[in-house]
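Chemist: Starting from the structure of chain A, add chain B where the hints point.
Chains A and B, in that order, are what the protein sequence lines are. Under the working numbering, read the first sequence as residues 1 to 282, first letter to last. Under the working numbering, read the second sequence as residues 283 to 469, first letter to last.
Just so you know, these hints were derived from the structure itself, not from any lab. None of these values were measured; they are calculated from a predicted model. Beta carbons: idealized from backbone N, C-alpha and C, even for Gly. Hints may be right or wrong, so weigh each one.
[Stated by the list, open to error] Here's a subset of chain B near chain A, in silico, CB distances under 8 Å, partners left out: (1) R287; (2) I329; (3) A333; (4) G347; (5) P350; (6) T363; (7) T364; (8) P373; (9) L374; (10) L414; (11) S416; (12) G453; (13) Y457.
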Amino acid sequence: MNPVRNVEAPRITVKVREMFLQANICLDDDVEEALRRARDGEETETGRLVLERILENAAVAREERLPICQDTGLAVVFVELGQDVRVVGGALRDAIEEGVRQAYREGCFRQSVCDPLSRVNTGDNTPAVIHLEVVPGDALRLAVMPKGGGSENMSAVTMLLPTAGRDGIRDHVVETVLRAGPNPCPPVIVGVGIGGAMEEAALLAKRSLLRPLGEKSPDGRLALLEAEILTEINRRGGGPQGFGGNASALAVHVEMKPCHIACLPVAVNIQCHAARHHVAEI
Amino acid sequence: MTETRRLVTPLTDADCAALEVGDMVLLSGVVFTARDTAHSRLRESLIRGEAPPFDLNGAVIFYAGPAPAPPGRVIGAIGPTTSYRMDPFAPLLMERGLKGMIGKGKRSPEVIAAMARHRAVYFGAIGGVAALTSRCVRKAAVVAYEDLGPEAILRLELAELPVVVVNDIRGGDLYDLARKERLHSER
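For reference, chain A alone in the conformation it holds in the complex (with noise of 0.2 Å):
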C-alpha cells in the first residue's frame, strides 16, 4: 500500500491566496506573447492601438500590483487530488475558500459573486466553483482560474444532432463566437468541449483554457479543428473589441470525449483576453 502523505489545510489556504493575487495582478507569459504576436500581425492601425494598450495595461497592473480586469471574476478552482493524500487540519473546500477570501479582500479585488434572485452581494467573492478530481498519486495539484461575467454571458452549451458531424460543429462554434461580437472583449481565446453528458462538456470547454495559449490538441483531427475555427474567425471577425481588424480570437483549444449514439454535446466556453490562470503542486 501507498504511504499517505498529509499536507495541513492552512498550506493549501496560503497557496490558492498566493494563486489568485498572481493571477489577477500579472498576466500569464503565454496570453501576452500572444497578445503581442496579435499585435505584430494585426493589420488596422485602431486594431493595433487597442492591442497596444492591452499590452500597456498589463506591464502597468504588475508595476503597480492592480488587477488587470476591474472584473476578477468568479473564482474557478480546479483540484487534482492524488489519491495517497490525506487533508488534514480542516475541511479541503474550506481551505480553498479562505484563499480566496483573503486574496480578495487583500488585492483590493471587486467582489462579484451574489445571491441569484435577490442578488444581495455575498460580500467576498465566494462561493468558490471548485472542480475535483481524484488521481493516482500523492501530488495536490491546483489550477486557479478568476473568470469574468462578460465572456461567461457569451458561452453556451448546445445539443447537436449527432448527423452534424465536424463541419457542422465547426460552424456552430464560429456562429457562436461571430454572434458573441464584441461582448467578450476580443481578441477572445474559445475554449469548446465535445462530447459527454451535457455537464461534461461545458467542463471540457473550461478546462481546456487552461492549456497554455497555441499549444495545440494531441489529437490530430481536433487541432485541425482548431485551426479552422480560428482562421474562420479572424477572417469574418470584428477585430480587437470590435473596433476592426483581423484579431478576434488569439486561440481556440478542442477538448473531446466520447458521447451517448443519440447525442453530439457541444460546450463554447468564451474567455476574454485577459485569460488568467495560474497553476501550481503541493
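Modeler: What follows is chain B alone, placed relative to chain A:
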C-alpha cells in the same frame, strides 16, 4: 477612425450631433457609474415620479463597477461592463436627458433608434485595461445605492478617458462597419 476630439461633460445636443461613428474622443468631466441593479432601481424611481439621484440633463453614464480603491488611490481597477444588459433601461433615461453612455459591446436596435430620437451617443471604452483606465479617474464618490457595493452609483471626475464613438445620432454602428470592412478587404 476619423479624428480625435476632446469633449467635456455634460454633453449638449450640438456635442452629440458633431460626433460620428469611429471618432476617437478623450472624454473629461463628471460621469456616473451604473450597472444592472442600479438601472433597475433608477427606472423604478423615475416611474414613481421621484427625482433621479443625479441630474440626467446632459449626463453620461459609465457602465462600470470598479474594484475597491487600494490605500492612497482615488479608485481601484475600473473598466466598462457589457452594455446590452442595460438596453431595457436606456431609452427611458435618454428620454429624461441622458446624452451619453460608455460601455462595451453591441446595443439593441431599440436603443440605437432612441439615440437618434434623443440625440445621444454610445461610446466604447476598451475592456480589460482596468489598471490604465483607473489613471483617468481624478475623483470618485458614492451618490446613491451604497448598499449595492460594487454596483453603487458613483460620481466620477474623468480626465481624458480614451473612448470611440460606436453609435452616433444617425444610427451608425462601428461594430457593423468593422465587420463589413473586414469582409470587403478580402475581395
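Chemist: Hint by hint, say whether it matches the structure.
Modeler: Evaluation of the provided hints:
Because the closest C-beta pair between R287/B and chain A is about 16 Å apart, greater than 8 Å, the hint is violated. Proximity of I329/B to chain A is violated relative to the hint, the smallest CB-CB distance being about 19 Å (cut-off 8 Å). Residue-level restraint check for A333/B is violated (minimum Cβ-Cβ distance to chain A is 24 Å; threshold 8 Å). For the restraint placing G347/B at the interface with chain A, the shortest Cβ-Cβ distance is roughly 7 Å, inside the 8 Å limit, so the hint holds.
A distance limit of 8 Å between C-beta atoms decides the matter here; for P350/B the minimum to chain A is near 5 Å, and the interface restraint holds. About 6 Å separates the beta-carbon of T363/B from the nearest beta-carbon of chain A, less than 8 Å, and the hint is met. Because the smallest distance between the Cβ of T364/B and any Cβ of chain A comes to about 4 Å, under 8 Å, the interface hint for this residue holds. Given hint, P373/B at the interface with chain A, is violated; its Cβ is 20 Å from that chain's nearest Cβ, farther than 8 Å.
Hint on L374/B is violated. Least Cβ distance to chain A is approximately 20 Å, over the 8 Å limit. Evaluation of the L414/B hint against chain A yields a held restraint, the C-beta minimum of about 4 Å falling below 8 Å. A least Cβ separation of about 7 Å between S416/B and chain A falls short of the 8 Å threshold, and the interface hint therefore holds. The beta carbon of G453/B is not positioned within 8 Å of any beta carbon in chain A (closest approach about 17 Å), and the interface hint is therefore violated.
With 8 Å as the threshold, the beta carbon of Y457/B comes within range of chain A, its nearest partner Cβ sitting at about 5 Å, so the hint holds.
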